[in-house]
Structure formats: C-alpha cells, structure tokens
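Colleague: Chain order of the listed sequences is A and B.
Position 111 of the first sequence, counted from 1, bears residue number 111 in my numbering, the numbering being contiguous throughout.
Position 112 of the second sequence, counted from 1, bears residue number 112 in my numbering, the numbering being contiguous throughout.
Quick caveat, the hints were computed from the structure, so don't treat them as lab data.
The C-beta atom is built at its ideal place from N, Cα and C for all residues, glycine as well.
Some clues are possibly wrong.
In silico contact screen, one side only, chain B against chain A (beta carbon under 8 Å); selected entries [claimed, not checked]:
hint	residue
1	Val11
2	Phe90
3	Gly100
4	Ile103
5	Phe104
Here are the simulated DSSO-like cross-link-like pairs (lysine-lysine), alpha carbons at most 30 Å apart as the crow flies [said to hold, decoys possible]:
hint	chain 1	residue 1	chain 2	residue 2
6	B	Lys49	A	Lys41
7	B	Lys49	B	Lys69
8	A	Lys41	B	Lys58
9	A	Lys66	A	Lys41
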Amino acid sequence: GAVVSQHPSWVICKSGTSVKIECRSLDFQATTMFWYRQFPKQSLMLMATSNEGSKATYEQGVEKDKFLINHASLTLSTLTVTSAHPEDSSFYICSARVQDSYYGYTFGSGTRLTVV
Amino acid sequence: AQSVTQLDSQVPVFEEAPVELRCNYSSSVSVYLFWYVQYPNQGLQLLLKYLSGSTLVKGINGFEAEFNKSQTSFHLRKPSVHISDTAEYFCAVSDYNQGGKLIFGQGTELSVKP
Chain A
1 GAVVSQHPSW VICKSGTSVK IECRSLDFQA TTMFWYRQFP KQSLMLMATS NEGSKATYEQ
61 GVEKDKFLIN HASLTLSTLT VTSAHPEDSS FYICSARVQD SYYGYTFGSG TRLTVV
Chain B
1 AQSVTQLDSQ VPVFEEAPVE LRCNYSSSVS VYLFWYVQYP NQGLQLLLKY LSGSTLVKGI
61 NGFEAEFNKS QTSFHLRKPS VHISDTAEYF CAVSDYNQGG KLIFGQGTEL SVKP
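Looking at chain A on its own, in the form it has when it is part of the complex (with noise of 0.2 Å):
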C-alpha cells in the first residue's frame, strides 16, 4: 500500500523548454507532497512542501518561477520546471506523506532530467 508512482522516469530536453513531472498515489490520498533534487552522489535537497488545493511552501533558494508546483487533486502533484537549463539537469524525486500517518512517507522512483 501507499504506492507513488512517478513519470517520467527519464526526459531529455532542450535548453529554453519546459518538462513536467507527475507524481500520483495510487492506493491513498496525499494531501502533502514534497518535492526534492538530488545531484549525483549528493543527498536529498528540498524544493518545496505542497498541500492539496493551496500554493507550495518553497525552501529558501530555489525560484519559484522556475520550478512550478500545482497539488490540485489528492492523488495528484506536479512539477513543472520552465524554460530549463542545463543547471536544471538532476535527479528529482517526490514524496508523499500518507493522509492521517504523520509518520507515513513514501517516496516516487524519481525522474532523471537532462536538459541539452
């Protein structure tokens, strides 16, 4: 159960075009989804703190502009990151905190971004 599932697992895009992100939950409702950034052989960095139906809450540094967050739905968070660069290339993965579990985490398989 609390499965996130994450698409896509790899895109490559040109530089100066945007590239979405879906993170759905199958089996529960995610009224909270992070989003994180990971270089290689670095840790988890947050972006930013979604809750279903209101704006993202986004950590000190990374431009809101850039990497839009939409939560509009339970079962459904994305993120968006506008007019990519090649700085943008990452690792970024989302994670769900499971409605009514504070303690329930549980983490996309993560979408590999190159932007060329």
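Following the hints, position chain B against chain A.
Modeller: Below, chain B without anything else, positioned relative to chain A:
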C-alpha cells in the same frame, strides 16, 4: 532548524562482516527518525523508523538501529552484510515544528566487497 549529520561518506566492508553507519541529529522536542536505502537511479526505500517506544528498532533486510536520545544518535547496524547491500544509505529526521518535512543527511555509500 533540524539537521542530520552522517559521519561517514563512504564505508567499505567485506561480505559477511558487520557494519555500522553513523547518524547524529540536532536536538528537538520531538523527532521521528528514519533510515532509507537508495539504489542507483531509483527512489528511496524505507529500512526502518523510530517514532517512540523501544529504542532498538528492527527493519527490513536484517538492519536495525538504536535511538540514543542523550547522544542524539540513530546509528544503523547489520551483523552480516551481503553484496546486495551495496547502496547509498540516508538518515532522515522529521520534526513536528517544521510541518513534518523530512530532512536528510548527506548519505553514506556502503560498498560491500567479496
């Protein structure tokens, strides 16, 4: 703000040897502690978690961890490792006061050699 420090960036060990991966966290009123494993180009898999109660927590794949409040530590152990345990391991903390965000340590690369 909560923080987590994993004291070893790389831990090489021979197969069937015991291993300990160290984790310290900054103190807070109440914290939940987690260990995750990540294989290359994959998401994270939960090994174990400490919420309350017994300080010795048993997880999957033979791993266990001990919560030590006085030393603010949550070290991960396995008595006998396998080649398949080679992966990146992350310690993480969650704090009520920060809205339940998971904050990760820097990660420890466990390399099991035959």
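Colleague: For each hint given before, does the structure comply? Return the numbers of the non-compliant ones in rising order.
Modeller: Per hint list: single violation, 1.
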